[in-house]
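Protein chains in written order, with numbering that gives the first Met the number 0: chain A, 0 to 384; chain B, 0 to 233.
Just so you know, not all the hints are guaranteed correct.
Under 7 Å between C-beta atoms, here's a sample of chain B residues computed to sit facing chain A [said to hold, decoys possible]:
id: 1; residue: 87
id: 2; residue: 98
id: 3; residue: 115
Worth flagging that the hints you see were computed from the coordinates, not collected in a lab.
Here a beta-carbon is modelled for each residue, glycine too, at the ideal position from N, C-alpha and C.
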Amino acid sequence: MYILKLLLRNAFRHKLRTALTILGVTIAILSFGLLRTFINAWYSGAEASSASRLVTRNATSIIFTLPLAYKDKIRQVDGVKLISWGNWFGGIYIEEKNFFANYAVEAKSYIELYSEYVLPQDQKEAFFRDRRGCFVGRKLAERFHWKIGDIIPLKGTIFPGNWEFVLRGIYYGKNEIADETVFFFHWDYLNEALKKRGSIFADQVGFYMIGVKDPNRAAEVAQAIDRTFKNSLAETLTETEKAFVLSFISMSNAIIVAIQLVSFVVIIIIIAVAANTMAMTARERIGEYAIFKTLGYRGWRIGGMIVGESLLITMIGCLLGIALTPPATAVFRKLLGAYFPGFTVKLETVYMALAASILVGLCAAIIPTWRAVSIRIADGLRRIG
Amino acid sequence: MENKAPIVEIEHVNKSYHRGTHTIPVLVDINLDIAEGEFLALMGPSGSGKSTLLNLIAALDHLDSGLIKVGGVDITVLSETELAAWRAVNVGFIFQFYNLIPVLTAFENVELPLLLTGLSRRERRTHVELALQVVNLASRMDHYPGQLSGGEQQRVAIARAIVTDPTILVADEPTGDLDRVAAEEILDLMDRLNRESGKTIIMVTHDPRAAKKAHNIRYLDKGILNNVHSQAAP
Numbered sequence: 000m001y002i003l004k005l006l007l008r009n010a011f012r013h014k015l016r017t018a019l020t021i022l023g024v025t026i027a028i029l030s031f032g033l034l035r036t037f038i039n040a041w042y043s044g045a046e047a048s049s050a051s052r053l054v055t056r057n058a059t060s061i062i063f064t065l066p067l068a069y070k071d072k073i074r075q076v077d078g079v080k081l082i083s084w085g086n087w088f089g090g091i092y093i094e095e096k097n098f099f100a101n102y103a104v105e106a107k108s109y110i111e112l113y114s115e116y117v118l119p120q121d122q123k124e125a126f127f128r129d130r131r132g133c134f135v136g137r138k139l140a141e142r143f144h145w146k147i148g149d150i151i152p153l154k155g156t157i158f159p160g161n162w163e164f165v166l167r168g169i170y171y172g173k174n175e176i177a178d179e180t181v182f183f184f185h186w187d188y189l190n191e192a193l194k195k196r197g198s199i200f201a202d203q204v205g206f207y208m209i210g211v212k213d214p215n216r217a218a219e220v221a222q223a224i225d226r227t228f229k230n231s232l233a234e235t236l237t238e239t240e241k242a243f244v245l246s247f248i249s250m251s252n253a254i255i256v257a258i259q260l261v262s263f264v265v266i267i268i269i270i271a272v273a274a275n276t277m278a279m280t281a282r283e284r285i286g287e288y289a290i291f292k293t294l295g296y297r298g299w300r301i302g303g304m305i306v307g308e309s310l311l312i313t314m315i316g317c318l319l320g321i322a323l324t325p326p327a328t329a330v331f332r333k334l335l336g337a338y339f340p341g342f343t344v345k346l347e348t349v350y351m352a353l354a355a356s357i358l359v360g361l362c363a364a365i366i367p368t369w370r371a372v373s374i375r376i377a378d379g380l381r382r383i384g
Numbered sequence: 000m001e002n003k004a005p006i007v008e009i010e011h012v013n014k015s016y017h018r019g020t021h022t023i024p025v026l027v028d029i030n031l032d033i034a035e036g037e038f039l040a041l042m043g044p045s046g047s048g049k050s051t052l053l054n055l056i057a058a059l060d061h062l063d064s065g066l067i068k069v070g071g072v073d074i075t076v077l078s079e080t081e082l083a084a085w086r087a088v089n090v091g092f093i094f095q096f097y098n099l100i101p102v103l104t105a106f107e108n109v110e111l112p113l114l115l116t117g118l119s120r121r122e123r124r125t126h127v128e129l130a131l132q133v134v135n136l137a138s139r140m141d142h143y144p145g146q147l148s149g150g151e152q153q154r155v156a157i158a159r160a161i162v163t164d165p166t167i168l169v170a171d172e173p174t175g176d177l178d179r180v181a182a183e184e185i186l187d188l189m190d191r192l193n194r195e196s197g198k199t200i201i202m203v204t205h206d207p208r209a210a211k212k213a214h215n216i217r218y219l220d221k222g223i224l225n226n227v228h229s230q231a232a233p
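Input sequences plus hints: build the corresponding full structure.
Right, dumping it as structure tokens:
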């Protein structure tokens, strides 16, 4: 108690300096928290993926399609429970800046496969009845203020033309990481239009989504599917949904690495700031440390006072930074939620911020502690007066 | 007093400082015995080595050669850790600039040395209150150093020095930063501690009035302890 009192009083001896250092740590921890949350959000799609789902795509590249006829052969592979399929539509809503993911999917099987997307029964039935119907995530509907029954026009990029859809349902996620920003419509609607146009993309699918009976046999089932189409014109590559999502994320790996580096650079900068504060403090108090030594205090006790003060300052800043991270994240979620569905602070981020703050506190105290402990008493006393 | 066994024994002590390639002798072959209960004043011009000698006696600095025993313990062979523990028990310090910790109250400043002992909180309180009563500052125990006058701060420093009941009290220019009245009060207090409690006091001073309170005065000049001037205790 006595030591804590001494640490508190010492820490706030120079109120402005301490306040500015705490502010610096707070901003650093807030920045660190936001950057880590951003990185987590980037990976949220992979986290949201199910272990019991596989994705089959063209082995050459994702941009090449697979024949619709594959569905029956895949269905016959041992271990396959359910199969759905779809295409990345790539439609633009009014302007390119309004980007959101939009897919044409075989709706009945897709909804069954994605049980984490909850669509009210009446809306589900309305969607199934309407060929032009679509259903969207809650966040996406909020973003554009869409209501059930609204006509939503999309300008096709991969499939040219102006497409109109009627909003028949708004789904919500069963859990926080479920993506509520996606737009789905009937694959049949797209396919019939392509057939009418005589497009080469008719009866072609971008990917198959496969539900497996036993997640433990997912790898085995994936191999069996790929073996089925070995040496065909369109060989397949089947992987878990997580691996599929991660392969997309890896395309932007350089950006993620850069953000990760920045998050750690922020911590290094604040170590320098805190170390400067503690160095100034120790230099001013070198005489006092000599007095403590004179009274019989040993080096580790004096070092403990400096480390304790350093940790106190950084932990106050850390706690403020952690406390501010959720509200700041909420603001970012409002702005970026449509792009990053999982923009929420994870407990792991809080632990990392705490660990970073302890690291800052300890590193900042190293040199001042060494100076205070190593100075000769007579030299320290000479600095007084 | 002459018959009492020496509490401090100094034999052939040499100490020098190094400035680059130069070696500056500060103390040269010092021999001195200080009896238990003695009040000794060390005088001499600036740079004569009196504060250095005081620091050596109090184990705040290391000598080049020689021997210093305090209470029969050869402090020149002790490690830093052992010296820290030894100082906590055996030496009370009184400095020119009081050297109180500004963020601690008078009570807390006096309590500092006791935190290294195994005393309970209640026992520490009893000791601190007693020490503050001795220096007549019990009523100001909750004041911070900045709220006290120079004389009062020095009295708190004296309370801190005596609270562990050390073997010796060392004082380096204890009245150097005080006005005449406050200086007189401090000297009277030290005199009382010596006479009533039998404390051995070694005091470095420039001030002849302060030195007059001592039983013995020893002069240092250019690192050499020369003539002895004894005076009767008042």
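Going down the list of hints, with the structure as the test:
{"no.": "1", "hint": "87", "verdict": "holds (3 Å)"}
{"no.": "2", "hint": "98", "verdict": "holds (5 Å)"}
{"no.": "3", "hint": "115", "verdict": "holds (5 Å)"}
In the structure shown, no violation is registered for any of the earlier numbered hints.
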